[in-house]
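J.: Residues per chain are reported as follows:
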Amino acid sequence: MALSPTLPGRAAVAGRVVLAAGGGYGIAALSTALLSLTLPMPRAEAVTTATLASFAIMIAIVVVAFAARSLARAALVIGGLAVVLGLALWLVAGAGPIGAAP
Amino acid sequence: MKKGFRQSMAWLHTWSGLVVGWVLFAVFVTGTASYYRAEISRWMQPELRREATVTPDALAQAADLAVAHLQANAAGARMWFVTLPTAERPLVELFWRTRPGTPPGHVLLDPRTGGPAELRATKGGDFFYRFHFELHLPPLWGRWIVGICAMIMLVALVSGVITHRRIFSDFFTLRRDKAAQRGWLDAHNVSGVLALPFHLMITYTGVVTLALMYMPWGVTAAYHGDQQAYFAETGQITQGRPPAGQPGTLAPVGPMVREAMARIPEPLERLTIINPRDANATVVAVFEEPHGLSHEHPQVAFAGTSGTVVEVLSGGLRPAAKTFTTMVGLHEAHFAGPALRVLFFLCGLMGCAMVGSGLVLWCVARLPKAGAPAGLGWRLVHGLNVGAIAGLPAGIAAYLLANRLLPLDLAGRAEREVWVFFGTWIVVAVAGSLPAPRRAWRGATALVAALFVAVVVADLATAQATWDDPAWFLGFDAALLALAAGFAVISHKVDRFAAPRRARAAAGGQAGEPQMGPA
Amino acid sequence: MTLLVSAGLSFLGLSALCLSLSRHHQAVWSAPPDRRRALALRAAGWVLVALSLAAAIGLDGGTFGPVHWLGSLIAAGLCLIVALSYRPRAVVWMAPAAAVLAAVAALGSMA
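Chains as they are written, first to last, in the working numbering: chain P, 1 to 102; chain A, 1 to 519; chain F, 1 to 111.
Bear in mind the hints are in silico, worked out from the structure with no lab data behind them. For glycine and all other residues, C-beta sits at the position ideal for the given N, C-alpha and C. Please note: incorrect hints may appear among the correct ones.
Chain P regions said to be covered by chain A (calculated; three or more residues, Cβ under 8 Å) [said to hold, decoys possible]: (1) 33-47; (2) 62-71.
With beta-carbon atoms standing in for the labels, derived distance ranges [unchecked claim]: (3) A/226 <-> F/50: 43 to 49 Å; (4) P/94 <-> A/367: 58 to 64 Å; (5) A/113 <-> F/100: 53 to 59 Å; (6) A/457 <-> F/111: 40 to 46 Å.
Let the hints inform the model, and build the full structure from the sequences given.
T.: Listed below in C-alpha cells is the structure:
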C-alpha cells in the first residue's frame, strides 16, 4: 500500500512518524514517572511496575498514531493525553521536589 | 492513510519491518548464536583443558591469586571483577575499571600457575553475545540503536498480528507450488505466527534487560536518578558502601570465599571488589542463579578490610522485582537444559527466518516487470538483503575460520578475528549487490556453505591434536556442516525455482488475496 | 523426556485442528470434512492442546511447565507444517506415532 507519493501525503506520513516516536516515548516517560510516584506499593515495586509497563504503553501510542483517521486527530488525542499526564505529574511531584520519598 | 484500521496497520507493518529489518536480522542471528555462547568459546580455544571438579580450596586459592595479580597490576582501579574457575572453564578472568570512559583492563589467568593462561587470544562466543546488543559500536550508541530497533520490531509484531486476521486458517499453510510471492508470504507467516509467543517474549524482554537505560524516568522521579539505590532497594544487588576516602588494606579474600560458600548452596561464580584500596572497600561474592526462570544471583557482601559479612541476598524478591528478573531470565535462558536449549535455538532461527523472509518478501512483491529496469530503492533494498542475509553468516564462518588459521602468536589476534568477520561481511555485501539478483543469491549462499565446510576442514587439519574431547568437537563440527548443508540447499533452490514459477503462478490463481502482502 | 509428552500431545492436537480446515482435510483424504466431522476435529484439537499444557504443568510444575509447553508446541507445529507442505498424507501415520511417543514418554517420566 504505497501512500500517495505527493508532497502532502509524504508530509502526513512524516508527521505520524514524528508523532508516534516523540509522542509515544513522551507519554511512556510521563506515565512511568507518574506511576512510579503514585502506585500504591513500595517505592521500588512502583518504579519496577511502571518501567515494565512503559514499553507496552509506548507501543499502544504508536498504534494510535498510525491508526487515527487523520494526523490532526492523532495529534489531538496524544497531545491531550500528554497534557493530562503532565498536569497530574506536576500535581503529584509539585508538593515536594521530584524524588522526595513518598 | 484514510483506508481503515487494518490497511493502516498493514502499511505500518511493511515499513516498520523494512527500516529495521537488517539490524534486526543481525541481532537475531547473533542472539540465537549466543544460546551456545559457552560452546562457541570452548570450540574457539581448543587448548583449554577441563577439569573434573573445582574444590572450595581451589576456589579460595584462585581468588587469592587473582587479588594478588590485581594488587600488582591494577592498583589504581575503582572496581575489580574476578570470574572464578569452573570445571568447564578452569580459568580466572579478571576485569578492572579505572575511570569512566577508559576501556576496562582484562586478563585471563591460569589458576594453577597464576600466570597468563596459555590459550589462543580470541573473543570467542562473547563477541556474538556483545554484538547482539551493542553491534560492536560504542556501548551507548549500540544499545540505543538496538533498543530503538527492538521497539520498532514490537510495533511490527503488533501491527502484523492486527493485519493478519486469518491467523488460524493460514496457520498451517506453506504453499510451495504457487507464485514466489505466495511462498515467501507463507514462509513469513509460518515463521512469524508459529513462534509468535517467542518473538513477543524475546523482543519485550530484550528491551526490559536494558529498561532503565531506555526508560530511566521512574528512577528519576522516585530516586533522584540513583539507579544503584533503586537496584539495592529492589533486592537485586547489595547496598552500596560509599568510599571513606582513607586508604585501607584489603583482608585476604580466601577466607571470605569460604565463608560465602558456607552460606549459599549454589556454585560461586565471581567476586566484585569495589574501591579495593579504600578503608571502606567492599567484596561481593556473586553465586550462580538457583534453578528457576528468574535471573537472580544470590550474593554475600563483605567489608573488605575486616572480612566480616555485611549483607546476604538470597531470594525474597517482591512481585514486581520478581517479574523483572523473570523477564531477564527468560531472555537469557540460562535455565534451559540441552533439550529446551535446542527449542530456544529453533525459535531463534524462526525469528531469523521471519525477519529474513519479510525482507525478501518486500523485494519479491515489488519485482520490476520484465524488461523494466529496477528502481534505485529496489536495488538498494535487494543489495542490503543479500548483504545482511548471506553476508552476516559468511562473516561468522570467516570469523571461525580465522580462529583456526591466524598464527597463534599474532599480535592483536583477537581483534584480527573481528576484522576478518567484518571484512568478509562487507566484501560479500558489496560483491552481492553487483550481479543480477538470482545469481547474487545463488553465489552468496553457496559461498556461505563453502566457508562453513572450510571451517570444519581447517579445524580437522589444525586443531585435532589439541582436542580434549574429540566427540564434543566432532559434534560441534557436525553442527557447522548442518549449517553448510542448509545454505547449500537454499542455493540449490534459488537456482531451480526460476523456471516453473511463472507457469505455476498462472495455474494457481484461486489462492485468494495475500493477507499481509504489501500490494 | 517430559518435553516429548507435551510435544506428542501438541502434535496430535495441532493435527486435529488443521484437519478441521477443508484445505488440509482435502489434501489428506481428498474430500472436505462435513460439518459435524470438522467440529469434532476442532474440539478434539483444542482438548488435546489443553491436555498437553496440563501434562507439561503436571510433570514439570507451574514455573517450567508453560515454558516447556510453548517450546514443544512450537516444535510440534513446525514438524506438522513441514510434513503438510511436503507429504500431507504422512500426517495419517505421524499422528498415531506421536500418540505412541507421548504415551511411552509419559510412562518413562512417571517410572
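J.: Hint by hint, note whether the structure agrees.
T.: Status of each hint after checking the structure:
With 12 residues carrying a beta carbon less than 8 Å from a beta carbon of chain A, the stretch 33-47 of chain P meets the three-residue requirement, and the given coverage holds. Note: the stretch 62-71 of chain P has 6 residues with beta-carbon separation from chain A under 8 Å; the three-residue rule is met and the coverage holds. A hinted range of 43 to 49 Å holds for the C-beta pair residue 226 of chain A and residue 50 of chain F, which are about 47 Å apart. At about 59 Å, the beta-carbon gap between residue 94 of chain P and residue 367 of chain A stays in the expected band of 58 to 64 Å.
Taking 53 to 59 Å as the suggested C-beta distance range, the pair residue 113 of chain A and residue 100 of chain F conforms, at roughly 56 Å. Range check, residue 457 of chain A to residue 111 of chain F: about 45 Å between beta-carbon atoms, so the 40 to 46 Å window is met.
Going through the hint list in order, the structure satisfies each hint without exception.
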